[in-house]
Amino acid sequence: MRKADRVTAALLVAFALSFSAGALKYYAYWGEGGPGPAFMPLWLGLVMAVLASMMLARRPRPADDIVDWLPHGEGAKRVLVVIALTVAFVALLKPLGMVVATALYLATVMRYLERHAWWFTALVAAAAAAVNWAVFAYWLHVPFPEGMFWTF
Amino acid sequence: MMAVVGVMVGMLIGALPGVGPPSGVAMLLPLTFGMDPTSGIIMLAALYAGTMYGGTITSVLINTPGESASVVTCLDGYQMALQGRAGPALGIAAFGSFIAGTIGVVLLMLVSPLLARWALAFGPPETFALMLLGLTTVTLLAGEDALKAYISMVMGLMLAMVGYDIIAGEPRYGFGIPEMMDGIDFLPVAIGLFGLGEVFADAEQVGKAPVTKGRYGLRDVLPSAADWARSRWAIARGTVVGFAVGMLPGAGPTVASFLSYTIEKKTSKHPEQFGKGAIEGVAGPESANNAAATAAMVPMLTLGIPGSATTAIMLGGLMMWGLRPGPMLFEKNPQFVWGLIASQYIANVLLLILSTACIPLFVRALRVPYSILMPLIVIFCVTGAYSLKNSVWDVGQMLVFGVVGYFMKKLGYSPAALVLALVLGPQAERALRQSLIISDAGVGIFFLRPISGVLMVLALLAIAVPVVGALRTWLRRRAAPKQE
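Quick mapping for you: the protein sequence lines, in order, are chains Z and U. Sequential numbering of the first sequence, starting at 25, is according to our numbering. Sequential numbering of the second sequence, starting at 290, is according to our numbering.
FYI, nobody ran anything at the bench for these hints, they're computed from the structure. There may be inaccurate statements among the hints.
[Unchecked claim] One side of the interface only, derived from the structure: several residues of chain Z facing chain U at Cβ under 8 Å:
| no. | residue |
| --- | --- |
| 1 | Thr-32 |
| 2 | Leu-36 |
| 3 | Tyr-51 |
| 4 | Gly-58 |
| 5 | Pro-59 |
| 6 | Met-64 |
| 7 | Ala-76 |
| 8 | Arg-102 |
| 9 | Thr-110 |
| 10 | Val-111 |
| 11 | Val-124 |
| 12 | Thr-126 |
| 13 | Ala-152 |
| 14 | Ala-154 |
In this text, a Cβ means the ideal position worked out from N, Cα and C, and glycines have one as well.
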């Protein structure tokens with residue numbers, strides 16, 4: 025935990041200084057009659073740099089070392105799989121359309137991660153995709169991405 | 290009948306992330322044009338009350354706020370749900386909203402013109418001071434690590450800088466990507482940090498059990514006498530804070546809910562329970578956001594100035610019905626004004642009846658095994674983020690912030706502080722820069738005007754007190770080895 029805090033703090037200092045430097049380089053600090061677009065970003069970057077430096081410099085607290093913040097084994101595998109499947113779901117929204125991608129995502133998670141029966145997985149996936157379409161696309165007129173298979 | 294339809298539709302729309310109160314009112318506004326103005330405004334007022342409560346349902350049940358005023362409810366409401374107390378959380382939110390809404394309507398009726406003048410005294414310096422005070426509440430959202438809460442807050446403000454500069458109109462940090470020019474909307478960020486972040490964190494647990502167990506009758510899920518004893522003053526304080534802040538143009542209900550949470554934690558005998566399922570942490574903010582939603586009508590009716598995005602849309606409705614909001618509205622269209630006020634009473638009563646009747650149904654949703662609920666929450670989050678602007682870009686943003694939320698949770702940062710800063714950032718920046726333009730870059734403007742002076746002193750005290758405390762602890766620690 026302590027190491028993670030120090031790495032995060034170092035990254036935040038670098039990010040904050042780039043943020044401030046970018047503000048000064050690309051935008052005006054002072055415009056006609058008052059502060060310009062760079063005014064607030066510059067100061068925010070500096071404040072962030074100070075706060076992150078304080079975290080970098082502070083002494084470890086007793087609670088910091090005993091916390092094992094990253095999952096291991098099966099837990100870590102499950103987190104990575106869920107994140108990867110969600111990324112794939114979002115990436116497929118446009119090519120497959122919302123309805124098909126929704127059903128596919130549900131089916132994949134329920135069948136391969138949670139080991140539900142095929143018939144039950146298919147039923148829940150189809151019902152959830154249908155209700156989602158009915159509420160948002162049909163009732164609230166949200167124009168869902170249609171994809172190559174779906175032309176509602 | 291109009292009010293019943295409004296409350297039911299409002300609760301449903303409010304529970305869908307991405308379709309918050311402003312979108313809900315905007316969608317139903319055209320349907321009311323065929324009605325007479327009084328029926329139309331009754332329906333819209335009921336819809337508004339329903340949407341405000343709808344956002345609470347998802348905050349408590351799945352840690353996904355439906356709108357910005359419900360963000361703070363996630364902190365203790367979701368923890369209560371994890372402890373099998375989603376019913377009392379939703380119940381106290383419903384009763385608190387009813388009490389605050391009803392008192393708010395009485396105040397709206399009695400003191401509107403007088404209070405409107407106070408709202409008018411709020412210029413850019415006062416707005417900035419109020420925003421700063423709202424931002425200082427982060428130290429109390431932090432749990433044990435105030436430094437990480439401040440870092441989260443400043444990160445939220447930095448994200449709020451992305452997009453067109455609100456005064457000069459110049460694009461900032463857009464990297465040539467058209468979608469970035471619009472800035473980063475708080476809702477995909479909030480859904481990602483809270484809803485998706487929670488899903489990723491829960492995915493670690495193999496075979497996670499449903500969170501509630503036991504009986505689900507109406508009596509079983511309502512707040513107990515002990516809950517009432519803990520919540521009554523939180524509701525009273527939330528009502529007062531909500532009404533006072535809600536009248537001011539800007540992010541009334543959001544600031545009100547965060548300020549109320551701060552006050553409750555500060556005044557509580559058990560501040561350590563906040564963030565772990567303290568019922569006052571739900572009762573106070575929920576009362577405050579409902580009182581603020583009612584108070585937002587004060588400047589709309591008396592001055593023709595909308596106090597929130599939703600009242601801005603309702604104001605448009607009033608004008609389309611041929612009414613002219615402002616000081617003369619009470620004299621020229623008394624039947625309409627009193628119809629609106631009566632509709633607020635009716636909406637609050639109906640909201641209480643319908644929401645409490647539905648609580649057992651809402652809570653039963655948590656009995657669904659987590660292996661099914663988890664992918665359904667992801668779909669809910671994805672559809673909600675998409676519906677905001679019908680944009681897959683927003684879904685991508687939500688996904689990124691879902692991963693960020695997972696790491697923030699793991700490393701002890703405060704997602705609520707980040708979201709609060711993202712919501713208040715653009716208004717705070719505009720008010721700060723306008724004030725400095727008015728004063729010709731003199732900071733005295735924030736301290737020499739009475740309202741902003743008081744608010745600034747409170748905000749600076751809120752920042753200084755924990756810093757002084759930390760310094761004293763540090764000095765004591767340094768002195769301790771020498772004494773030995």
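Hint-by-hint comparison with the structure:
1. Thr-32: holds, 6 Å
2. Leu-36: With Cβ-Cβ at 7 Å, under 8 Å, it holds.
3. Tyr-51: For Z/Tyr-51, the interface hint holds, since the closest Cβ of chain U sits about 6 Å away, which is under 8 Å.
4. Gly-58: Z/Gly-58 check passes; min Cβ-Cβ to chain U is 3 Å, inside 8 Å.
5. Pro-59: Where the cut-off is 8 Å and the nearest Cβ of chain U is about 5 Å from Z/Pro-59, the hint holds.
6. Met-64: holds, 5 Å
7. Ala-76: holds, 6 Å
8. Arg-102: holds, 5 Å
9. Thr-110: holds, 6 Å
10. Val-111: holds, 6 Å
11. Val-124: Check failed: Cβ of Z/Val-124 comes no nearer than 13 Å to chain U, outside 8 Å.
12. Thr-126: It holds, given that the least Cβ distance between Z/Thr-126 and chain U is near 5 Å, below 8 Å.
13. Ala-152: Since chain U brings a Cβ to about 6 Å from Z/Ala-152, closer than 8 Å, the hint holds.
14. Ala-154: Because about 12 Å separates Z/Ala-154 from the closest Cβ in chain U, which is outside the 8 Å limit, the hint is violated.
In terms of the numbered hints stated before, the structure departs from hints 11 and 14, listed from lowest to highest.
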